[in-house]
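Going down the list, the sequences are from chains R and C. For the first sequence, full-length UniProt numbering assigns the number 1 to the initial residue and increments by one for each residue that follows. For the second sequence, full-length UniProt numbering assigns the number 1 to the initial residue and increments by one for each residue that follows.
Hints are supplied without guarantee of correctness; some may be wrong.
Taking lysine to aspartate or glutamate pairs in the EDC-like style, the calculated list, with each CA pair at most 20 Å apart, reads [to be verified]:
(1) R/441 with R/618
(2) C/411 with R/196
(3) R/228 with R/247
(4) R/557 with C/415
(5) R/257 with R/216
(6) R/251 with R/216
(7) R/414 with R/341
(8) R/557 with C/407
(9) R/33 with R/436
(10) R/781 with C/456
(11) C/411 with R/550
(12) R/414 with R/335
(13) C/411 with R/667
(14) R/251 with R/134
(15) R/33 with R/120
(16) R/289 with R/196
(17) R/557 with R/546
(18) R/228 with R/550
These are computed hints drawn from the structure, not numbers from a lab. For clarity, every value in this text was computed on a predicted model and none was experimentally measured.
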Amino acid sequence: MTVAPAETFQRATAADHPGPTVDGRLRDLLAGKVIVMTGVTGFIGEQLLWKMLVELPDTTVAVLVRRKGSASARDRTLAVVRKKIFAGVREAAGGPEALLEQRIRVIEGDLPNVPALPRDLDVVVHCAGDVSFDPPIDQAFRTNVIGTEALMDRMLEACTGEDGELVRIPHYVQISTAYTAGRRRGAIGEAPHAHDIDYRAETAAGLAMRDLIEAESRTSAQLTRLRKEAERDHRAAGYLTTAADTERRRKEWVQAKLVEAGTERARSLGWTDVYTFTKALGERVVADKGAHIRTSVVRPSIVESSLVHPYPGWIEGFKMAEPLILAYGRGELPEFPASPDSVIDVVPCDHVVNATIAVCATEPEIGVCEYYHVSSGARNPITFSGFYIHIRNYFLAHPFEGGARGAARLPQWKFPGAASVERLLSTSERAHALADRAVLKLPRSERTRKFARDLDRTRSRLDFLRRYLSLYNEYAQSELHFVDDNTLRLSRSLDPADQPVFACDTAVVDWTEYVERIHCPSITAPVRRLDALRRKRGSRASTWADLSSDEGMRRAKADPEAHRVLAAFDLDGTIMSTNVIEQYLWSRLPELDRAHQLAELGSVLRSLPSYLRVERRDRGAFLRAVYRRYAGADLAALEEFVDTTMAGEILGRLSPDAVRRVREHREAGHTTILITGCIRPLTRPLAPLFDVIVAADLAVDARGRCTGFLTGPPLVGESRAAWLNHYASLHDMDLSRSFAYADSHSDLPMLSCVGRPVAVSPDVPLMRAAAGQSWTTVEWKIRPQNSRWTLSRLTAEERTDPPELTGAPSGDPSPAPRPVRGDS
Amino acid sequence: MARPGFVLEVDERTPPLLVHDGPRLRTEQFPLGTEVVYPPDPATPVDDLTEAIDAACAHPVGSDPLADRLRPGMRLTLVFDDLSSPGVRLRSPDVRGRVVERVLTLAAAAGVDDVVLVGARGLERRSTDTELRRVLGERVFRSFHGDGRLLQHDAEDRDGLTVLDPGGDGAPEVAIHRRVAESDLVVLVHLVTRPGAGGLELIARGLGSPATATAPRAVELIGAAVPVFALDAVVSVQRYGGRLEFLGRREWEWGLAAQGAYQAVSRGLSAAPSRWADRLAGGREASATVSLVTAGDPTAVAAASAAHVAEHLRVQVDGQADVLVVGAPDPTPYSIDSLTNPVLALWNALVPGVGATTGTPLVREGGAVVLYHPLSTQFSALHHPSYVDFFSSVLPVTADPARLAEDFESKFAEDPWWRNLYRTAHAFHGVHPFHRWYELAPVLAHCGDVVAVGADRAAASRLGLRAASTLADALEIVAAGVGHSPRIRYLRNAAPVSADVR
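The whole structure should be built from the sequences, with the hints applied where relevant.
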């Protein structure tokens, strides 16, 4: 049975014996030794390697590096030593390869699948680990517990003779974290944390979660739920798109559940998250496995940029506090659930590196694990509000360039407490969810799209806040401080010559200097560079090709492959504003007299709700239902009516921008294709614009009357992508260089299958999909010249002629001029 | 004799004056001393139109009576103006329909079987059936349309043209509508609203190939090839008919009811979304009264009509002004039942507006023009497809007529899609914007600054104008060229006027 660490709060916090010290220069103490390192591609590991290469000239370093894709361990190590800070040692050695040759042994391997380690090793420094606070539970155990176990096992094997006895006593140094103390309060000593958790059982249980949750994600109930969610968004696009989205959702769900399982297990045992929990278990592994060797554990607190080495402000990647600092600088962090008086325990990276190397040089007693806190909270504390003031001061003096709207307003934190920040956040989230549901129901318009864009921006901001607040909530309210007597003693025992080089006494940090002049400038510099670049480049559309300027057209025409490029256009909503029901009414009403017109209109209106229901479910079924109404219509007459009367109506509803674009494609030598679900007669006026028109063909009987059926399924959703693919392979077209233009989410498959998709005045789901894949979105204004009902009104007008003049003119053989009365 | 036009000098007692601002109306308090050119009241109408038509046909100038020229078995072709000729949509019954009906009656009486009606649309858009029905009247339309005897000219239909002179050596060809060329008699029905082209020129422009319109020998060749009997009706068009008729009257003569109606209309239009305002303006019907019908030899008839209309419209104006203010009412002759795009709006303000003179321009060379129009960048995809490209791709490159003709016109003329839309749909010909711009260019060159009040700034700058929000600002802008106390003249252009600048 495990016991919560709460029981141990009363225990002595100081180490029960003084920690070891060093006597002499570190370079001498470690001369001739072989140090095996992990995590060299990471933040601390990289500086550790640099420090060893620069300051320990007679020490050999062996690095255990994982293969990543096609990059071998050697390639990755080379990439590390090519970085700027290695310039000095690199040049001294005569290039990166020579440096590797002379100083570094590369061992390709992975945690926990560690290969055999060199038999001459003296020290192993394990600083590989997860960078994330909320990894899935199985991954956390695999890295932090099993990885540590495997590494130590290989180390012991390397030091064991054939008779099974240790032939040499290695020194194993583990980089852990001060927060392995978990949810304890008060002073934390440099000693093992008291708990009696069986790490093997925990590990087995943690690893089992993966299979458990995977299995659960595949139950029919779960899959049904996910499919329904996916259908809500993607039904219109087709089955494959929905299926792909269902699978994506399943994987996300598994991931989220594994993270949740980790966090909950850690909290149920008194830790804040699975990262610190498994790290704590890792320390226990070290103590167990190291019963017959020398072992040390270095526990840094929050590691941030370097104070002095390799240069002030050196940092690689973004660590814990950076996203928050940057978000604050952008004015996006309105409040933070921290206690203003709690200590934020930050330590510069070079102090951690220096302390680690000094620890490597110590010779702790065999079987007694030594612990070192590298932290600032005990002797040089800075409170959360103090840290906040420094950051605020920094951004007040050096705001981010805000672009056209000037610098962002910096929020002023009042530290109202976690509960009220949580309230604020959850209220905002609820409001956002409501608005998000509403926006999908709004009619499509530029205003709706802008509204949806604003909502999406708010959403990403809220998600950011939610994620970081839940991650760091506990750290920002922690009331523990880490006693660092061992580290201090070690630091003081350093040779005077080593004192400035291997400084690790955090009491020297001047927080104003460190935060305002070293840390903040260092982490904002790359962001500022990126901002400047983005401003210079502008937010240029990425899948748009300029064909309207002379220059653009010349380039397009000069392309020797232009004949292999096609441009596919959707009709409804993209180049023309109408819908199939309207088209049906236009084309059928004129045949009928007034009374039948009204009856037909009424019947269509009555069916409208059911049509809309069907359309929500399946666009193809909807089209079939509407086209059923054409049963009995004379196809030839319909075509003639389109040519004579409806052509103007159709052409008047074209978007001038769309027509321009089609014509530009033609001029550039591209094949223009119109893909639509509407019936072929209606596309007749557009025939001169397109090389190929794909439309629904009405089936006719022997007398030329429509049967109400189509000759083939209407081309919607995924069928359009399939058609394009087939067409492209038949005619040797290059889809990756081709264009597609469409307006609705159901056209997603068609857009996805070409290299240059463009969303035209899209609906909200397509707008989001386009933004997600950085496709160009354009607004093509369609301003129908006549109101929706003009045509039926005009044709109705023509029906109401004086009866004496309605004799069938075409059948009348009598010659013109007809007698006309002149006295009207 | 109708009340003639006159020039009002704005003083303290002058009320705010009506200004046309595209589809909308506004009133403007002009600076003291502004000279306002008022058009004449509509000319005294003939007592009975039918009688007048009959009389003209019976006693033509320079020709035998029409009845004598009709005989059984002959091929008779009636040519009528398309929509853009009076430049407004006329309240039905349209005068053209009345005239055509009378001619058809005469023809029927003479036993003529082979009669065809041809709309002389030139490079303008095809009229819709509904529009033809309005122009010609229900009965004429019914009788001819079904038989395919109601045609509209198609300048791009090579098979439908008879070549009178193949041209060559730099001379343009002369080719006209085949049926017209092969007719035994062509009756040319024309409405005259302002001084301008008439007679055989109408055939060259309305029934020829694109090159024929500008061919120097066209009139001569057509005169030799085709026997023409011209029938001109001089009409006074009142842009506003019915309840809005008061808008054509002078502001101080508006009664209480008119003032109330004005407030209601102008406020309603300003509050309405622009698409409603456009639609209201685009579909507005004008009323027309006929003051003279002349018939006979085309040249003599054209001269008689021109003299009559010039006499009626003439307003004597004293000297040239520094600043000319014009309103630009929608629709333009080319945007009836359509959308008015910026190019057409500018054309409408400057060409019929600034050009409304007997010779000497109303504004001095280098003077300024202030016009009122919103110049919204909206284009009718149905009617003005080539204007879209002209405005967005050609004008940014050049506005110089020589370069336009050199580099762009032929591309627009030969574009298959526009040609197709011109021939089969209701689009203006691809080169239509070029021709409007050629007419505009000399006016723009004559004036210094042109400022558009209340205009879309981007569109104004594309057209080479400047935009101002008020008249005061516009005068401020042009002050650099004309000084701070310029001589301002306002052309109150609700109806045609012909200023005789002395």
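Taking the hints in turn, this is what the structure says about them:
1. Under the criterion of a C-alpha separation no larger than 20 Å, the hint pairing residue 441 of chain R with residue 618 of chain R is consistent with the structure, at around 18 Å.
2. Between residue 411 of chain C and residue 196 of chain R, the direct Cα distance comes to roughly 88 Å. Violation of the 20 Å bound is thereby established for this hinted pair.
3. Taken as a hint, the residue 228 of chain R and residue 247 of chain R pair is honoured in the structure, with Cα atoms around 12 Å apart against an allowance of 20 Å.
4. Between the alpha carbons of residue 557 of chain R and residue 415 of chain C the distance comes to roughly 18 Å, so the proposed pair stays at or under 20 Å and holds.
5. The hinted pair formed by residue 257 of chain R and residue 216 of chain R meets the criterion: a straight-line CA distance of about 10 Å does not exceed 20 Å.
6. This hinted pair checks out: residue 251 of chain R and residue 216 of chain R have alpha carbons roughly 12 Å apart, not beyond 20 Å.
7. Among the hinted pairs, residue 414 of chain R with residue 341 of chain R is consistent with the structure: their alpha-carbon atoms are about 12 Å apart, no more than 20 Å.
8. Under the criterion of a C-alpha separation no larger than 20 Å, the hint pairing residue 557 of chain R with residue 407 of chain C is consistent with the structure, at around 19 Å.
9. Restraint check for residue 33 of chain R and residue 436 of chain R: the C-alpha separation of about 62 Å exceeds 20 Å, so the hint is violated.
10. Proposed proximity of residue 781 of chain R and residue 456 of chain C is supported: the alpha carbons are some 17 Å apart, at most 20 Å.
11. Using a Cα cut-off of 20 Å, the hinted pair residue 411 of chain C and residue 550 of chain R holds, with the two alpha carbons roughly 14 Å apart.
12. Only pairs whose Cα atoms come within 20 Å are accepted, and residue 414 of chain R paired with residue 335 of chain R is accepted, the gap being roughly 7 Å.
13. Restraint check for residue 411 of chain C and residue 667 of chain R: the C-alpha separation of about 12 Å stays at or below 20 Å, so the hint holds.
14. Taking the CA atoms of residue 251 of chain R and residue 134 of chain R, the gap is about 16 Å. The hint holds against a cut of 20 Å.
15. The straight-line distance between the Cα atoms of residue 33 of chain R and residue 120 of chain R is roughly 8 Å, inside the 20 Å bound, and the hint therefore holds.
16. For the hint pairing residue 289 of chain R with residue 196 of chain R, the CA-to-CA distance comes to about 16 Å; that is within 20 Å, so the pair holds.
17. For the suggested pair residue 557 of chain R and residue 546 of chain R, the alpha carbons sit about 12 Å apart, so the restraint of at most 20 Å is met.
18. The straight-line distance between the Cα atoms of residue 228 of chain R and residue 550 of chain R is roughly 49 Å, outside the 20 Å bound, and the hint therefore fails.
Of the hints listed earlier, those the structure fails to meet are numbers 2, 9, 18, in rising order.
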